[in-house]
Structure formats: structure tokens, C-alpha cells
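S.K.: Chains as they are written, first to last, in this note's numbering: chain A, 48 to 157; chain B, 48 to 157; chain C, 48 to 157; chain D, 48 to 157.
No lab work stands behind these hints: they were computed from the structure. The beta carbon of each residue, even a glycine, is placed where N, CA and C say it ideally should be.
Derived DEER-like restraints, expressed as beta-carbon distance ranges:
(1) B:A51 x A:V79: 41 to 47 Å
(2) B:Q134 x A:G81: 15 to 21 Å
(3) A:D88 x C:E80: 46 to 52 Å
(4) A:D88 x B:Q140: 22 to 28 Å
(5) A:P83 x D:H110: 20 to 26 Å
Protein chains: 4
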Amino acid sequence: MSQATATMQQCIENCQHCQTTCSQMLTETCLVEGGPHVQQDHVKAMLDCVAACQACVDFMSRHSAFHDRYCAACAEICRVCADSCQQIGGMDQCVDACRACQESCSAMAA
Amino acid sequence: MSQATATMQQCIENCQHCQTTCSQMLTETCLVEGGPHVQQDHVKAMLDCVAACQACVDFMSRHSAFHDRYCAACAEICRVCADSCQQIGGMDQCVDACRACQESCSAMAA
Amino acid sequence: MSQATATMQQCIENCQHCQTTCSQMLTETCLVEGGPHVQQDHVKAMLDCVAACQACVDFMSRHSAFHDRYCAACAEICRVCADSCQQIGGMDQCVDACRACQESCSAMAA
Amino acid sequence: MSQATATMQQCIENCQHCQTTCSQMLTETCLVEGGPHVQQDHVKAMLDCVAACQACVDFMSRHSAFHDRYCAACAEICRVCADSCQQIGGMDQCVDACRACQESCSAMAA
Numbered sequence: 048m049s050q051a052t053a054t055m056q057q058c059i060e061n062c063q064h065c066q067t068t069c070s071q072m073l074t075e076t077c078l079v080e081g082g083p084h085v086q087q088d089h090v091k092a093m094l095d096c097v098a099a100c101q102a103c104v105d106f107m108s109r110h111s112a113f114h115d116r117y118c119a120a121c122a123e124i125c126r127v128c129a130d131s132c133q134q135i136g137g138m139d140q141c142v143d144a145c146r147a148c149q150e151s152c153s154a155m156a157a
Numbered sequence: 048m049s050q051a052t053a054t055m056q057q058c059i060e061n062c063q064h065c066q067t068t069c070s071q072m073l074t075e076t077c078l079v080e081g082g083p084h085v086q087q088d089h090v091k092a093m094l095d096c097v098a099a100c101q102a103c104v105d106f107m108s109r110h111s112a113f114h115d116r117y118c119a120a121c122a123e124i125c126r127v128c129a130d131s132c133q134q135i136g137g138m139d140q141c142v143d144a145c146r147a148c149q150e151s152c153s154a155m156a157a
Numbered sequence: 048m049s050q051a052t053a054t055m056q057q058c059i060e061n062c063q064h065c066q067t068t069c070s071q072m073l074t075e076t077c078l079v080e081g082g083p084h085v086q087q088d089h090v091k092a093m094l095d096c097v098a099a100c101q102a103c104v105d106f107m108s109r110h111s112a113f114h115d116r117y118c119a120a121c122a123e124i125c126r127v128c129a130d131s132c133q134q135i136g137g138m139d140q141c142v143d144a145c146r147a148c149q150e151s152c153s154a155m156a157a
Numbered sequence: 048m049s050q051a052t053a054t055m056q057q058c059i060e061n062c063q064h065c066q067t068t069c070s071q072m073l074t075e076t077c078l079v080e081g082g083p084h085v086q087q088d089h090v091k092a093m094l095d096c097v098a099a100c101q102a103c104v105d106f107m108s109r110h111s112a113f114h115d116r117y118c119a120a121c122a123e124i125c126r127v128c129a130d131s132c133q134q135i136g137g138m139d140q141c142v143d144a145c146r147a148c149q150e151s152c153s154a155m156a157a
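Working from the sequences, and respecting the hints, build out all of it.
M.R.: If you want it as C-alpha cells, here you go:
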């Protein structure tokens, strides 16, 4: 596997992990805990993150020439989602998944 | 346009309308109102409905031989979402969109 | 409905129409005709267009603060897809849907 | 992790691997090789498989009560895609990914 392919493969895996972590924590933590966990901005950040990761995986796995746009948007959204999770607390898994995904996506978008 | 094609086209449009209505009302009504609007079961029903409609549109527009499975699942999910919206109240647009989508999807799945 | 909302609603509809038109024509025209219709670049452009429109609809209907990134990417991809369809020929419906979607998405991304 | 959760986690990973393998091989093998690789039925099977896996991951990671419908449909579609890939040849990676995904999805749907 070339270096370019290995980097993309790692980014796909980080996006997949971030997508399922955000989706699971939204459903099993945020919607159970309520309060700040269900504030509009936080839930929108979580849903944006799930959708951004999904689109990123799709464009990268198709080796689309446009994958960099989706990686750039995903990096931004992951940062916002990680910050929101950190502020609310009790979302460490989500913070970690978003930070790792943000880093990979930034590298792919460069 | 043949009758079969016209029926599918109508179903695609009902799914598209249901998807965007649920997505908009989740964000702009449920996440603003809070209370019963952000109960786990209700939000999951709304998210399932958005995803079910999206998958349905995708399989129908590709004229997939498997579209009937996705229409059958979408009809079930739309019924659950419409019931949940009706019970909570203030979600009439969503109830109407889900009922219309449920009817079309049931017909496509038959 | 405010002007901003009406413009977004029109963009959502143009994306939905572009998504289903590209998906249907890929399956029912390109994969039947073969030849230039199944060249790697053309099929990738069609698949990118379907995915870009789907992501755009999702981010706009959630009123995401990041919808402009997805609209900007979709406008670019629609232009490439329209050009590819025009060059191959026999894809007028697709060209029209992509051009309309590109125009709406450019306006939303501005 | 409970047994139920471990089984679902494994199924999510098999769906993710199947989705990206099919998407990559469609773009990098089928659209390059042409001939039987771009027959309508084969490409539709590949696209159905990508979409089925994507929907499955989404419903499972949200712990949706309806995930079994999406797993059942995905199992069927993976079988069709694996058979199509086997018949065409040169698609061993895809066959393996589809078979593993089919097995997991069948178990989740039971």
C-alpha cells in the first residue's frame, strides 16, 4: 500500500469510528441524560458530525477528486463537536473520536 | 409515464417531503421546545424516519430490485413517527408528511 | 416564508431533483448504453453528484451552520457532472437538473 | 461489553468494511476493466450493497428498534453482490467482504 493510500485508509477508519461513536452517544447518553445534552446547538453538532463523517467515507472510498472538500468540512465540524462535548462533560469517548477524526481530515484536506 | 413509474415517482416525492419535514421540525421545533419533544423514543423515531426516507429515495431512484424492502421498513417507521408526533402535539406538519409517506411506501412494498 | 427560507427551500428541491435524475439516468441510460456512458470519469461524476446532492439536502434541512460548505462543493460537482453529460450526449435531462442545482447551490454558498 | 453489544459491534465493522471495499472496487476495478464489470446488473448490485451497508451502520449505531429490517435487507443484497462478483471474477476481496457482512447481518436480523 502506498503512503497516500495508507493515510486515506486511516482517515476512513477515523471517520467511521467518529460517526458510530457520535451516533451511539447521542442516542444512549445525550437523549438519556437530557439537560445541556439536548440543547439545540449540541444535538445539531452531533448530527452534523455523523453526516460529515458519512459523506467523507463515501467520497474517500470512491477515490473522488472532490474528497478534499468533504474532509475539510468534516475537520471543521469535528472540532465544533469535540468542543461542544468537552464543555458539556461526560462525553470523553466522543471528544477523543472527534479529535482523531479532525486531525486525519485536516491532513487529507491539505 | 407508465402507471408503475408514476406511482414510484409520487412515492419518491412523499419520501423527500417527509425526510426534510422531519429533519426541519426536529431541529427547529423539538430541540427548541424541549420537554417531551426531546424524549429518547421521540428523537429516535424522528431520526429513524429521516434515514428511512433517505434510503427509500436512494433505492427507488436507482430502480433497485430491493426497493420494496426499504419501502416496507419506511412505512413501519413513518407510522411510529406519526404516532409519536401526534401524542406530543404541535407537530401536525410532521404527522401529515409521515402519514402520506407511510401510505405511498405501503403501496410500493405490496 | 422569509426570502432566506424560500431560497433554501428552492435549493433543497433542486438538489432532490438533481439527485434522483442522476441516479435514474445512471442506472437506466448509462448502464444500458455502455461505451462512453460507463467511462470511469463519467460514472464517478454521476455518483459524486448523487452523494453531493444528498449531503446538501441533509445539511440544509437541518438548518446546519455548515450547509454553505456542502452547497459550495455540490455546485462544483454539479458543474463537472453537467459538462460530462453534455460531452457524452443523450443526457439532456441530467444536464438541465445539474445546471439548475449548480445555480441554486452557488447562491446558497455565497 | 455484553454479548449482544459485541455482536452488533462486529456487524457494524463488517458492514463498514463491505461498504468501502465495494465502493473502492467499483471505482478502481469495475470502471477500469469494463466489459462484464460494467453490466447493469453488476453495477446495480455493487451500488445496492454500498447503500445497504451504509443504512445498516446508521440504524445499528443509533440502536434503532428497526435495525433488524435493515440487516435482513443487507444480508440479501450482500448475497446477490457476492454471487455477481464471483461470477465475473477478479473480485475476491469484494466476495470475501460481502460474505462476511451477509453472515453478520443474517445473525443480527434473526
